[in-house]
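Enquirer: Keeping their order, the protein sequence lines are chains A and B.
Numbering follows the numbering used here, with no gaps: position 147 of the first sequence is 147.
Position in the second sequence (first residue = 1) + 157 = the numbering used here.
Because the hints were derived from the structure by calculation, they are not lab data.
Bear in mind the structure is a predicted one, so any value in this text is a computation, not a measurement.
For glycine and all other residues, C-beta sits at the position ideal for the given N, C-alpha and C.
Just so you know, not all the hints are guaranteed correct.
Computed footprint of chain B on chain A; a stretch qualifies when at least three of its residues, placed anywhere within it, have a C-beta under 8 Å from a C-beta of chain B [what the hints assert, rightly or not]:
| id | stretch |
| --- | --- |
| 1 | 21-28 |
| 2 | 31-44 |
| 3 | 47-56 |
| 4 | 59-68 |
SDA-like cross-link-like pairs, simulated, lysine to any residue; straight-line CA separation at most 25 Å [stated by the list, open to error]:
| id | chain 1 | residue 1 | chain 2 | residue 2 |
| --- | --- | --- | --- | --- |
| 5 | A | LYS76 | B | ARG188 |
| 6 | A | LYS76 | A | ALA18 |
| 7 | A | LYS76 | B | ASP230 |
| 8 | A | LYS76 | B | HIS235 |
| 9 | A | LYS76 | B | GLY166 |
| 10 | A | LYS76 | A | ARG56 |
| 11 | A | LYS76 | B | GLU164 |
| 12 | A | LYS76 | B | ALA182 |
| 13 | A | LYS76 | B | THR208 |
| 14 | A | LYS76 | B | HIS213 |
| 15 | A | LYS76 | B | MET196 |
| 16 | A | LYS76 | B | ASP171 |
| 17 | A | LYS76 | B | PRO167 |
| 18 | A | LYS76 | B | ASN200 |
| 19 | A | LYS76 | B | GLU185 |
| 20 | A | LYS76 | B | ASP189 |
| 21 | A | LYS76 | B | ASN210 |
| 22 | A | LYS76 | B | GLU223 |
| 23 | A | LYS76 | B | VAL162 |
| 24 | A | LYS76 | B | ALA160 |
| 25 | A | LYS76 | B | GLU198 |
| 26 | A | LYS76 | B | ARG197 |
| 27 | A | LYS76 | B | ARG239 |
| 28 | A | LYS76 | B | GLU199 |
| 29 | A | LYS76 | B | PRO240 |
| 30 | A | LYS76 | B | HIS165 |
Covered by chain A, per the in silico footprint, the following chain B stretches (three or more residues, Cβ under 8 Å) [stated by the list, open to error]:
| id | stretch |
| --- | --- |
| 31 | 163-173 |
| 32 | 220-230 |
Each chain, letter by letter, is given below.
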Amino acid sequence: MQMEDRNLVPAPSSPEIALPEGVTRRFEDGALRISLSIDIYGLDAIFRSCYWLTDRCYVYLAPSQDRLIEVTLVAKEGGVDVTDQLAWDFVNDLIDQRLRIDVNRETRAIREMIIAQAFAETDLIDDRGQLVSEAGEARQPSSDDDPEGIRTWQPAS
Amino acid sequence: MAASVLEHGPIQLDRTIYPEECLLAATEAYRDFLHVERMREENGARTIEVTVNPAHAPQAPQVRKEFLNYLLDLAIRHHLMRP
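Extracted from the complex, chain B is given alone in its bound form (with noise of 0.2 Å):
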């Protein structure tokens, strides 16, 4: 049994989903904490790769679930905020 995606491995993000200024903008608020990088774009969809910086490296799948929560928020309030 493997661990979920919000533990573990690269992360795809679905533009329709995830709009591209909220990764941006969690990104930005998440930099003391972990660093992102764009692996592939395919299909609509973006992989990225998330380290967590060595000083919080005890907490992380912590800080990776956290930002992953943050950018979800992120993305709902865009799509529901829509006129």
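Looking at chain A on its own, in the form it has when it is part of the complex (with noise of 0.2 Å):
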């Protein structure tokens, strides 16, 4: 590849174009609606990206038919190229903010661990990684504890 050919970079097409049919609706003034899904996206991820874009775009939701949510956009400054690209950007913060949300629930057990051990003025923890009992000993294993699930395991068939 010859060096002036990798600042040809083409420009993204209209969300119009790439996105499925019925998914964008252009406007009039150069707004434009997309549709997204609750289901996939998330209320949260969905106000966060809108939130993030609200200094550069006027932003209005309604909510749809079948879990569906409609965001109107149209760019503060510049025409359609511009509110078309905030709109692919809105799109990726989206993604980006999903799974922001995602691994925020699945570490919060560990965070809140590490904090209160971090407060805490004796180990909450052992050296082996063993919850420590409110009397201060390791918690010895039990004849009770089915560490790797052995009594509840089926067979596949």
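Given two chains presented individually in distinct reference frames, assemble the corresponding complex, making use of the accompanying hints.
Expert: Following this line, the structure appears as structure tokens:
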């Protein structure tokens, strides 16, 4: 590839063209409406992405049928091209926000444990990673423990 | 092709997205710029009509959009600050 070819990055096409039919609608004032599934993205991720966008866009939200939410946005400055670019940024940020929310939920327990340990006067976890009892001793393994889930195992067939 | 709700016509505000207290706060904050009239309420949504004050008529679409953004800002903060 020649050096000058590297700068020839094609501009992303309009969301109207690239996204499936019916997902977007263009209005006379240049605004673009995108229908998003609440089940896929989640309302919190949609709120966070909209909040992140409101310094550059005017945004209006309206729920629609079939657990969809319609996001209408238009760039504060610039024309349709700017609105389209912001719409792509918005859709990408949605995925980012959704992932952050999922990771946050999955790691909540360990984060709370780390914070509790940081503020505790005594160790909550011993050197082997075992929870320490209130009496200050590591919890001893019991014959009732089933760490591998053997008792609840079921054959596949 | 019609203009979007950001610029023209009645605005439907769903209660699950735009809480009542946020609408009241935004209306109060923008009372020097516009008047909000409640038209109807049905199926968990209220429809409002925004009339920009004559002194700001030349910037009416801009004022309307700023009001909607401010309202959304309040609403999102309200949702994300929930415990």
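Enquirer: Using a Cβ cutoff of 8 Å, are there at least 3 residues of the stretch 163-173 of chain B near chain A, or does the coverage claim fail?
Expert: n = 7 at 8 Å, threshold three: holds.
Enquirer: When you check the alpha-carbon spacing of LYS76 of chain A and ASN200 of chain B, does it fall within 25 Å?
Expert: Violated, at about 32 Å.
Enquirer: Take the C-alpha atoms of LYS76 of chain A and ASP189 of chain B, compute the straight-line distance between them, and say whether it is at most 25 Å.
Expert: holds (22 Å)
Enquirer: Quick one, are LYS76 of chain A and ASN210 of chain B close enough, alpha carbons at most 25 Å?
Expert: Given that 25 Å is the threshold and the Cα spacing comes to 21 Å, the pair holds.
Enquirer: Tell me if the straight-line CA distance from LYS76 of chain A to HIS235 of chain B falls inside 25 Å.
Expert: Within the cut-off at roughly 24 Å; holds.
Enquirer: Between the alpha carbons of LYS76 of chain A and VAL162 of chain B, is the straight-line distance 25 Å or under?
Expert: Distance ~15 Å between LYS76 of chain A and VAL162 of chain B Cα, so the pair holds.
Enquirer: Against the 25 Å threshold, does the CA-CA distance of LYS76 of chain A and GLY166 of chain B hold or violate the hint?
Expert: holds (19 Å)
Enquirer: Within 25 Å, alpha carbon to alpha carbon, are LYS76 of chain A and ARG56 of chain A?
Expert: holds (6 Å)
Enquirer: Checking C-beta pairs, does the stretch 21-28 of chain A have three or more residues closer than 8 Å to chain B?
Expert: holds (count 3)
Enquirer: If you draw a straight line from the CA of LYS76 of chain A to the CA of GLU185 of chain B, is it 25 Å or shorter?
Expert: holds (23 Å)
Enquirer: Against the 25 Å threshold, does the CA-CA distance of LYS76 of chain A and ALA182 of chain B hold or violate the hint?
Expert: holds (23 Å)
Enquirer: LYS76 of chain A and GLU223 of chain B were given as a pair; does the straight-line alpha-carbon distance stay at or below 25 Å?
Expert: Since the Cα atoms of LYS76 of chain A and GLU223 of chain B sit roughly 10 Å apart, the hinted pair holds (cutoff 25 Å).
Checked against the numbered hints given earlier, this structure breaks hints 15, 18, 25, 26, 27, 28 and 29; the rest are met.
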